[in-house]
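*Asks:* If you read the sequences in order, they're chains Y and H. Okay, so the first sequence: first residue is 1 according to my numbering, each after it adds one. Okay, so the second sequence: first residue is 1001 according to my numbering, each after it adds one.
Any given hint might turn out to be false.
[As the list claims (entries may be wrong)] Pair ranges (Cβ atoms, derived): (1) H:Arg1345 x Y:Gln55: 29 to 37 Å; (2) H:Arg1082 x Y:Lys57: 14 to 22 Å; (3) Y:Lys57 x H:Ser1230: 45 to 53 Å; (4) H:Glu1085 x Y:Gln55: 41 to 49 Å; (5) H:Gly1402 x Y:Gln33: 52 to 60 Å; (6) H:Arg1140 x Y:Asp50: 52 to 60 Å; (7) Y:Gln55 x H:Ser1248: 40 to 48 Å; (8) H:Glu1135 x Y:Glu22: 51 to 59 Å.
[Stated by the list, open to error] Derived list of chain Y stretches under chain H, where covered just means 3 residues or more per stretch with a C-beta under 8 Å from a C-beta of chain H: (9) 11–21; (10) 30–37; (11) 45–54; (12) 57–66.
The set of hints was computed from the structure by calculation and includes no laboratory data. Ideal Cβ placement from N, Cα and C applies to all residues, glycine included.
The lines below spell out each chain.
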Amino acid sequence: MSENPSYSESLQRLEAIVAELERGGTDLEATVQMFEEGTALLKACQSHLDEAEGQLKRLRLNDAEAELEEPEA
Amino acid sequence: MNARRTCAIMLTPEVLGSALPVGRFVLGLRRLLNEEPTLQHQMLRGEVARWTRARSGHVYLTLRDEDASIDAVMWSSRAPSRDFEEGAEVVVVGSVDLYPPRGQLQLQVTSIHAVDKIGELEAERRQLIASLKAEGVLDRPRRPLPSIPRHVAVIIGADSAAEADVLRLTEDRWPGLRRTVIGVLVQGDKAPEEIARGLRVAARLADPVRAEALGVPPVDVIIVGRGGGSTEDLWAFNLERVVRAVVSMPVPVVSAVGHESDVLVSDLVADVRASTPSDAAERVVPVRLDLDRRQDDLVMRLEAAAARRFVEIRQQHHLLRHRLAGAPVAGLARARTELTDLQSRLDATVDAHLNVAARRLAAHAHALQRATAHNVSSQRTRLAGLEAALRTTDPRKVLERGYGMLQQTDGGVIGSVKDVAVGDGLLVHLVDGTVEAAVEDVHRT
Chain Y
1 MSENPSYSES LQRLEAIVAE LERGGTDLEA TVQMFEEGTA LLKACQSHLD
51 EAEGQLKRLR LNDAEAELEE PEA
Chain H
1001 MNARRTCAIM LTPEVLGSAL PVGRFVLGLR RLLNEEPTLQ HQMLRGEVAR
1051 WTRARSGHVY LTLRDEDASI DAVMWSSRAP SRDFEEGAEV VVVGSVDLYP
1101 PRGQLQLQVT SIHAVDKIGE LEAERRQLIA SLKAEGVLDR PRRPLPSIPR
1151 HVAVIIGADS AAEADVLRLT EDRWPGLRRT VIGVLVQGDK APEEIARGLR
1201 VAARLADPVR AEALGVPPVD VIIVGRGGGS TEDLWAFNLE RVVRAVVSMP
1251 VPVVSAVGHE SDVLVSDLVA DVRASTPSDA AERVVPVRLD LDRRQDDLVM
1301 RLEAAAARRF VEIRQQHHLL RHRLAGAPVA GLARARTELT DLQSRLDATV
1351 DAHLNVAARR LAAHAHALQR ATAHNVSSQR TRLAGLEAAL RTTDPRKVLE
1401 RGYGMLQQTD GGVIGSVKDV AVGDGLLVHL VDGTVEAAVE DVHRT
């Protein structure tokens, strides 16, 4: 996994962890570790989803170009 | 005198009886024309000599070449949106008909095409495809679409039906998704320039530095397209200016032009070809509710599986305490004290984790109550199943999986690496007996 795993990478890892826990037989330490990693992965997945939400901008071409130039001015 | 000359025939009743009424003659003529296959659905080439669009929407035109001319009509349902200028070279498809009230012959035209322009443009298009092929552009690897688009840019006909479709579909699939929709001209002389400029705006928004200055995540996918139209209407997407702009985009581009059957050069170079703008919206934007459900399911399964494991581990320790209580070990009193201590520490650890899991389960159930009723009830069913599973867990089965308890040879219980040193002897109690072992190394975690 890369430094900033993508949504699908996180989800894949999470599914692997859940499957492993569901198989049973992990010791206390491993269970805690997997539970915490799983929780962190869920948080990461959620923040991927949250990041996709934002403004809808509907612009005519000229306005879009003008808006884009503004921060440089 | 005049009367006698025109009435060369004596109008006897017999002669009068054999004269055809004009109406029958004209209608018969019309039937002959309509039944003659070479006069129906004929393709004709010529130039436009007159072009008049009536208020009704019907177009009256005259077609001619150096030898002849013919009047024609295009009913409003067949008339093109654009007007043709006089002198334009065209190919039409039409059928000959006779208009009985005026006895006038006319061509009923069902389609009209500007030949010279199409011929020239088609040659340009082929040449463009050939050079793209030679440059390897057509074979370059296509980039995958992001699984979660953080910022979608859409370059599409300003205020068009296609724009409305994309807006509605994306909003339905993911309410509140971040989108920048840039309305451009998609047909006419200015279309290629506007589409290319729109793409350049999207490319700049895909630049992380510039996006940060604007306070938005960079654009990570671009949809460019328009709704259906005639071949000429869609032509901008066959032009080098637009095609090169698509190729130069720093993030994946979905080309979404016209209908299912229209294939434009922009489709050939884009990372993904969508059959329509609506298809593009569906390919780019996942259904948020599906993602939420999948995550909800994983949350439930993770917490349920972890909780079940914690309970199993606690039960396993209870079992070991009972086994040790009955074991013939020296220093039993001390062992019992230490075991009780160990037991409570382990119970505290396990309980702490169980409490965390329980709190998360509760929080999750609360969140679910705000979601759909269906979802809540299905998750409650799962929770009930989990509870039943927990009640029936047999501690012996846990031990049978290979768990053991460590004990010092003098009877002390080992609950920490601090309790042993290298070289110490150990007793390992298993489900069916005891193993004597020695400490080789100690690692703290």
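*Asks:* Hints first: check each against the structure and report whether it holds.
*Replies:* Quick rundown of the hints versus the structure:
At about 52 Å, the beta-carbon gap between Arg1345 of chain H and Gln55 of chain Y misses the expected band of 29 to 37 Å. In this structure the hint that Arg1082 of chain H and Lys57 of chain Y lie 14 to 22 Å apart at CB is violated, the actual value being about 32 Å. Range check, Lys57 of chain Y to Ser1230 of chain H: Cβ separation about 31 Å, and the 45 to 53 Å hint is violated. Range check, Glu1085 of chain H to Gln55 of chain Y: Cβ separation about 45 Å, and the 41 to 49 Å hint holds.
In this structure the supplied range 52 to 60 Å is violated for Gly1402 of chain H paired with Gln33 of chain Y, their Cβ-Cβ distance being about 19 Å. For Arg1140 of chain H and Asp50 of chain Y, the Cβ-Cβ distance of about 34 Å falls outside the hinted range of 52 to 60 Å, so the restraint is violated. Here the CB-CB span from Gln55 of chain Y to Ser1248 of chain H is close to 26 Å, at odds with the stated 40 to 48 Å. Take Glu1135 of chain H and Glu22 of chain Y: their Cβ atoms lie about 52 Å apart, and the range 51 to 59 Å holds.
Figure legend: the stretch 11–21 of chain Y, annotated as covered by chain H; annotation consistent (6 residues with Cβ-Cβ distances under 8 Å, at least 3 required). Counting residues of the stretch 30–37 of chain Y whose C-beta lies closer than 8 Å to any C-beta of chain H gives 4; at least three are required, and the coverage claim holds. Evaluation of the coverage hint for the stretch 45–54 of chain Y: fulfilled, as 8 residues show C-beta separations to chain H shorter than 8 Å, against a requirement of three. Coverage of the stretch 57–66 of chain Y by chain H holds [criterion: at least 3 residues with CB-CB distance below 8 Å; count 7].
Consistency with the previously given hints fails for numbers 1, 2, 3, 5, 6 and 7, ordered from lowest to highest.
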